[in-house]
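Chains as they are written, first to last, in numbering that gives the first Met the number 0: chain C, 0 to 123; chain X, 0 to 123; chain D, 0 to 123; chain V, 0 to 123.
Bear in mind the hints are in silico, worked out from the structure with no lab data behind them. Incorrect hints may appear among the rest.
Identical chains blur together in the list; that is why a pair holds if it fits in one copy or across any two.
[What the hints assert, rightly or not] Under the rule of at most 20 Å between Cα atoms (straight-line distance), these lysine to aspartate or glutamate pairs were calculated in the EDC-like manner: (1) K62 - E42; (2) K78 - D68; (3) K38 - E49; (4) K59 - E49.
Protein chains: 4
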Amino acid sequence: MEDPAKKYFNCNDRERAVFEAGIKLGTIYHQFVGTPISKDNVEPLERSIEESIKVQPFVKDVKVRIRRDRIRKKKGLYKYLTLTGDMLDVELVVQYNNVEAVCYLRYIEEMNYPLMYIGEIKVI
Amino acid sequence: MEDPAKKYFNCNDRERAVFEAGIKLGTIYHQFVGTPISKDNVEPLERSIEESIKVQPFVKDVKVRIRRDRIRKKKGLYKYLTLTGDMLDVELVVQYNNVEAVCYLRYIEEMNYPLMYIGEIKVI
Amino acid sequence: MEDPAKKYFNCNDRERAVFEAGIKLGTIYHQFVGTPISKDNVEPLERSIEESIKVQPFVKDVKVRIRRDRIRKKKGLYKYLTLTGDMLDVELVVQYNNVEAVCYLRYIEEMNYPLMYIGEIKVI
Amino acid sequence: MEDPAKKYFNCNDRERAVFEAGIKLGTIYHQFVGTPISKDNVEPLERSIEESIKVQPFVKDVKVRIRRDRIRKKKGLYKYLTLTGDMLDVELVVQYNNVEAVCYLRYIEEMNYPLMYIGEIKVI
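Pulled out of the complex, with its shape left as it was, chain C reads as follows (with noise of 0.2 Å):
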């Protein structure tokens, strides 16, 4: 499919292909970070994540886990909590014509962050 945008962009398609996944990534991270999550709602949400970076545009696969090693234990009334960063675990697959890149979003245990960051870019 062509690509209405392309006239306002000035780079190549490599460059293109991972300014596309990191708007994704940051679109994961500041959306959905704070919704009420527990036990009883991780995989809906996970999957709802999952279904709405898939409509924009190039993304060509996308996982969605959330850590349930970080989701603490709480009992009673109030016993959920907020999603953080910490707790997302994203691998992305964004496709520009025949470049194909491949990015994370990993809480990176030794920097004690969630990174977003470029595992691969390739010609397909």
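Position chains X, D and V against the provided structure of chain C, taking the given hints into account.
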């Protein structure tokens, strides 16, 4: 179940029920407005919003409907849009002790405004 | 000023005031949790949250404080973090007709929970 | 300053710069869309968005303008509205090592779409 937060509140059960309802409606609007949406993910998004509200305290029931008639029809790569308040149609039932509050978030045509309002407070 | 939404509500003025307060506290939490924050932008963020709440109906006053003691000290490029609910300390005054509701969002140590609660409802 | 995350990335400096820019533009859109806005808080909100982006790594400069011409004129108690993507006009400069990427988020009339795009990538 005993409410461990009771001592912080200075109000009766009816007031508590609608206060909790207000929190949940504000949560739905401000957590999810901006989420990428198209015909393809409208249903998982509705379910996911419902499930994330149900994990919060005192929610007895919630129905979330995203108004298909307010999703613009667009074509091509940039055909998706993002969720806005006027697309949301929510019915929420909060129960605190033996008081039930039925509240809504609905786009009111004559006000051109997505209104959150109290439909009924009753003893059950 | 006459309230054009009055006919949709089925409640008294005290209930209306705390419902509106609940909406605003839910708004603060779910709109702003996730915002990038460091020592450098904590003050403009506090002001900006206050100003955005004051444009909403029936808000008489609001004070937002981001707790510096809950901002972790980190060094280097990735030293910033993102706003979480436990950093928020909010005092909100809503007025509906001659009823005033004073409500709070505060991290309660013994509950390990950022609690939204009703401090007082009074006739003024 | 040494980048402690460098080893996780598999790309060149130009690609890294635009990836970081994509993240920041996605952040602006999805963190702040939905914020209550009126004539009264548009300036503190612009400043607050800029300041929250500047705390993130590799941001050299950012200018955020909320388009007054796209804020609807409404009267009365419910006169405010909430921030939408088409109101945002952002110019962002990211620097990674000696590469600078100038990127934009702008509402493109002919596409009816708030487009994030790469204006220029240059060696400085």
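For each hint, the structure was consulted:
Taking identical chains as interchangeable, the C-alpha atoms of K62 and E42 lie at most 20 Å apart whether they share a chain (12 Å) or sit on different chains (19 Å). Taking the shortest Cα distances, K78 and D68 sit within 20 Å of each other inside one copy (15 Å), while across copies they are farther apart (24 Å). Taking identical chains as interchangeable, the C-alpha atoms of K38 and E49 lie at most 20 Å apart whether they share a chain (18 Å) or sit on different chains (15 Å). Proximity of K59 and E49 under a CA criterion of 20 Å is satisfied intra-copy only: 11 Å inside one chain copy versus 28 Å between copies.
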